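Dock chain A against chain P, hints included.
Taken in order, these protein sequences are the chains called P and A. Numbering (our numbering) for the first sequence: 4 to 317. Numbering (our numbering) for the second sequence: 15 to 310.
Certain hints may be false.
[What the hints assert, rightly or not] Using 30 Å as the maximum straight-line C-alpha spacing, the simulated DSS-like pairs for lysine-lysine come out as follows:
no. : chain 1 : residue 1 : chain 2 : residue 2
1   : A       : K134      : P       : K10
2   : P       : K219      : P       : K312
3   : A       : K204      : P       : K10
4   : A       : K216      : A       : K136
5   : P       : K313      : A       : K301
6   : A       : K216      : P       : K12
7   : A       : K37       : P       : K206
8   : A       : K216      : A       : K301
[Stated by the list, open to error] Here are the simulated distance ranges between beta carbons:
no. : chain 1 : residue 1 : chain 2 : residue 2 : range
9   : A       : Q41       : P       : K70       : 50 to 58 Å
10  : A       : I195      : P       : N101      : 27 to 35 Å
11  : P       : N101      : A       : F85       : 39 to 47 Å
12  : A       : A138      : P       : K104      : 48 to 56 Å
Worth flagging that the hints you see were computed from the coordinates, not collected in a lab. Because the structure is a prediction, the values reported are computed rather than measured. Cβ coordinates follow ideal geometry from the N, Cα and C atoms, glycine included.
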Amino acid sequence: MVESKHKWKAWLYLSPAIVLLLIFTVWPIINTLRMAMLEGYNGTAELGGAAFNFGIGNFVKVVQYAKFLTCLKNTLLLCVLTVPLSTVIALLIAVCLNSIKPLQRLLQTIFFLPYVTNSIAIGMVFATMFNIIGNNIGGENQLITTAGVINNFIGLFGVDPINWINAGSAYWANITVLVIYIVWDALPFKILIFLGGLQSINKQYYDAAKIDSTPKIRVFTRITLPLLSPMVAYAVITAFIGGFKEYSSIVGIFGEKMGPAGDQFRLNTMVGFIYDSLASNQQGLASAAALILFCIIFAVTMVNLYVSKKNTHY
Amino acid sequence: MTNNVSMAEKDIQKVSAQQRVLKILSQVLVYAFLLTAALTVLFPFYWMLISSVKSLAEYELAVPTFFPRKFQFFNYVEAFNTANLGRLFLNTLFVGVVSTVLSLIITVLSAFAFARLEFKGKNALFAALLATMMIPGELFTITNYLTVDAFGWMNTFTALIVPFLVSVFYIYLLKQNFMQIPNELYLAAKVDGTTDLKYLWKVMIPLALPTLISITILKMMGAWNSYIWPRLVANDPDMQLITNGLRNAFTDVNSGKTNIPVQMAAVAIVSFPLFLVFIFLRKYIMKGVSRSGIKG
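This is chain P alone, in the form it adopts within the complex (with noise of 0.2 Å):
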């Protein structure tokens, strides 16, 4: 390393970056944590004079609040049900993939495919695909004109129609669909990092497990999966932050009403939530609130990692 005989150069080089992470990174840090703890702020009337109490009243009321459980059991359900689910298809189709040769390089691109997409715009092709027009589903004169062709495609083996996304739709089948979208839209990144994974394992150990002629299933839990734990580990912690940040997916399928018609916000999450208060000028409570996500997602991956040093081989 050279010693600069102009030290102040180095911070002139930096000015740029930290004058706005002082801005917009370390202000919105120190002002979140005063925000939470004034009781009932709001941005516009603290412009206009208004004082608040100190206290925890903004954590009480979001803990109290119903809205807030229901977004925070949206989240925690799409988190608990999308990152297995999508960490094992992506870890099958990886290990298919590394096992193949010929059509490898076009299947892993078009595998890669959902990932430059733009997850409003495709979850509006979803919502098209479970979508029912007319409605009437579940009525005795049932006037179903276009079923969608996710429901044809159940119809031939012999399911009922089922009301999806529409109005008067379950709690249960809107959450199916959710899962399905969210799960497409995380596969191409852990099929990367798995595949990535995959690749840099050093053939010997498989060609030394081959002159033993060890059974493939105990190749794949004694060698593979050791070796590609690191990577598990890495997907798992990024895909139960990216889980509980879930927002724009619900916004491509649902809109910005965050639900079913007739049953609006049933489906909002945590994220959410932070964004409605902050919109409806409770600052307070979006801090709050967001403090409150940040604990959540920092004790997860605490977890995580905790677990999966334990398990982890490098």
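Same frame as chain P, now just chain A:
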């Protein structure tokens, strides 16, 4: 004796034939699984494309057609006009290009300072920067919303560009890349009397070009896909970005009914540039993504 040997040979042949059949069978299964999965992944794209060229009447048929009977390309023209896509497109392009260029300049300068210069508190500062990466973005958004409002930036492009110019992750990525460049090059340049900026421009930037391209692509994709922040600070139709204009433009406010084929045409228009970028710059995207774990 000879009889026994041939018996054993036959056994071996039988076993290896069995193994071959098993191997072929497992290969068939693997391909069947992968192809099914690939078709599932592709289907939404296919459905988007064929729906976008159907007439509304054909789209609403009780049994949907898997290939349009008649191609109605007019849907694309209608989509472009209904959602004012031209304007949204230009807005997004402007925000994307300006924020990418400024962000690259800031990132390169900071990464250079961290990788090549020596100053007090360098390591502490870098560690502090990395620590901020753990905090979810929503936590910053609340205050930034108020800050942008206080600065009088509501409904301006400034609000869409400035708060996100510094990415600690990109600084980290580029710093790692810069540090791989041998220090001797820097010393040699210093001996020759080259200035820092000239050295940066002539040596470091060309050597770190792949990382810079990855950052550029991810940043542009970020502008293309951003939704939440623009919705908060730029509701003016003249300032909207493409994703925000897309979601509601095709739903009739009164009836709540959506002209889906036209909507799908708009979705296809928005997706198309992303695919182009993907096809030509796949290598850089995958490289950047596998290290970042963030979408856009």
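Here is how each hint holds up against the structure:
Taken as a hint, the K134(A) and K10(P) pair is honoured in the structure, with Cα atoms around 9 Å apart against an allowance of 30 Å. With a C-alpha separation of about 26 Å, the suggested pairing of K219(P) with K312(P) holds against the 30 Å cut-off. A C-alpha spacing of about 16 Å is found between K204(A) and K10(P), which places the hinted pair at or below 30 Å, so the restraint holds. For a cut-off of 30 Å, the pair hint linking K216(A) to K136(A) stands: about 25 Å separates their Cα positions.
Of the pairs offered as hints, the one joining K313(P) and K301(A) holds, with about 29 Å between alpha carbons and a cut-off of 30 Å not exceeded. In summary, the hint linking K216(A) to K12(P) is supported, as the alpha carbons are separated by about 19 Å, within the 30 Å threshold. Taking the CA atoms of K37(A) and K206(P), the gap is about 19 Å. The hint holds against a cut of 30 Å. Between K216(A) and K301(A) the alpha-carbon distance is near 24 Å, which keeps this suggested pair within the 30 Å criterion.
Between Q41(A) and K70(P) the C-beta distance comes to about 53 Å, which sits within the given range of 50 to 58 Å. Our hint of 27 to 35 Å for I195(A) and N101(P) holds, since their Cβ atoms are close to 33 Å apart. At roughly 40 Å, the beta carbons of N101(P) and F85(A) sit within the given window of 39 to 47 Å. Distance hint check: the CB atoms of A138(A) and K104(P) are about 50 Å apart, consistent with the given range 48 to 56 Å.
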